[in-house]
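Keeping the supplied structure of chain A fixed, place chain B upon it in accordance with the hints.
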Amino acid sequence: MSAPRVELLWWRGCPSWERAIELVREEMAATGLDPDGLVVHEVETEQEAERLGYPGSPTVLVDGRDIQDPGDEPAGLTCRVYRLRDGRVSPLPSREDIHDALLRGGD
Amino acid sequence: MTESATLSIGDLAPPLELPDTDGSLTTLPFPGEAPATVVVWTCNHCPYALAWHDRLMDLARDYADRGVRVLHVNSNDAETHPADSQEAMRERVAAEEWATPYLRDEDQSAARAWGPLTTPDAFVLDSSLRLAYRGAPDSDYNDPSQEAAWLRAALDAVLAGGAPEPAETEPVGCSIKWKR
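Sequence order for the protein chains is A and B.
So the first sequence is numbered by the numbering used here: it starts at 1 and just counts up by one.
So the second sequence is numbered by the numbering used here: it starts at 1 and just counts up by one.
Do not take every clue at face value.
To be verified - So, partial list: chain A residues that the calculated Cβ filter (under 10 Å) puts toward chain B:
1) Ser-2
2) Gly-13
3) Ser-16
4) Pro-74
5) Gly-76
6) Leu-77
7) Arg-80
8) Val-81
9) Leu-84
10) Arg-88
11) Val-89
What the hints assert, rightly or not - To give a feel for the contact side, a few chain B residues facing chain A, derived at Cβ under 10 Å:
12) His-45
13) Leu-50
14) Thr-80
15) Pro-82
16) Tyr-141
17) Asn-142
18) Pro-144
19) Lys-177
Since the hints were derived computationally from the structure, they do not count as laboratory data.
From the three backbone atoms N, C-alpha and C, an ideal C-beta is built for every residue, glycine too.
Chain A with its partners taken away, still in its complex shape (with noise of 0.2 Å):
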């Protein structure tokens, strides 16, 4: 089986970003895939983020899903809202998220 493509899009808008590079790295990593694949892309535009459909910085695609839901946020440059599995909010999705959905790949 063929590693997933993991792609992270960030906005410079928002300054979770790096820190979710982070952590997508290290959670590569502990799942035994290499951090240097992860395919980083920075969204620039509102016209980029609508034709993306963009829920917000940042967004991790794992074989192009989603690993959180964004349901019906509308698309565009913001930070975007992350539900931890303890119910708080956080700019961040959580590494048990992750972790999780690189080992599910894109299924």
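Just chain B now, kept in the frame of chain A:
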């Protein structure tokens, strides 16, 4: 981006006259005195503001009996961020237990006068309405046990007649969404 003022420690706070979610005007200076006032720029859509929200509400409740007044202000452009519209603010207040007024700065004049950088960005004023502290509520949005410790320390210093140390910390959060 837009041009906005930058308040310095010791500056007199610019006046406010903003509607809350019911349309009632809240003003600064208040009628009557407060030994300290906290003005927090916040919003509905930002995960940092949401993560710190409960801590700020707890602070407002904990200091209310000492006469401290706490205001929350949302200045974000509701056209680009509909979650920050007056209607969305009203719905949120109706659904949650707010301990403070939630004020709408529709024309962004308050934000231009005060110069908040992020949501949240907190300003603590002394009894003369001079800026005593400005910055983040505490060191970690992700750690509720911090309980807005920097803001509480700033308030305790002001209430004791002293000066907060530090007087400034770096605000952390989402940028203010200026109208284009």
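Now the hints, each set against the structure:
no.	hint	in the structure
1	Ser-2	33 Å, violated
2	Gly-13	5 Å, holds
3	Ser-16	8 Å, holds
4	Pro-74	8 Å, holds
5	Gly-76	7 Å, holds
6	Leu-77	9 Å, holds
7	Arg-80	7 Å, holds
8	Val-81	4 Å, holds
9	Leu-84	9 Å, holds
10	Arg-88	7 Å, holds
11	Val-89	4 Å, holds
12	His-45	6 Å, holds
13	Leu-50	4 Å, holds
14	Thr-80	7 Å, holds
15	Pro-82	8 Å, holds
16	Tyr-141	7 Å, holds
17	Asn-142	6 Å, holds
18	Pro-144	7 Å, holds
19	Lys-177	8 Å, holds
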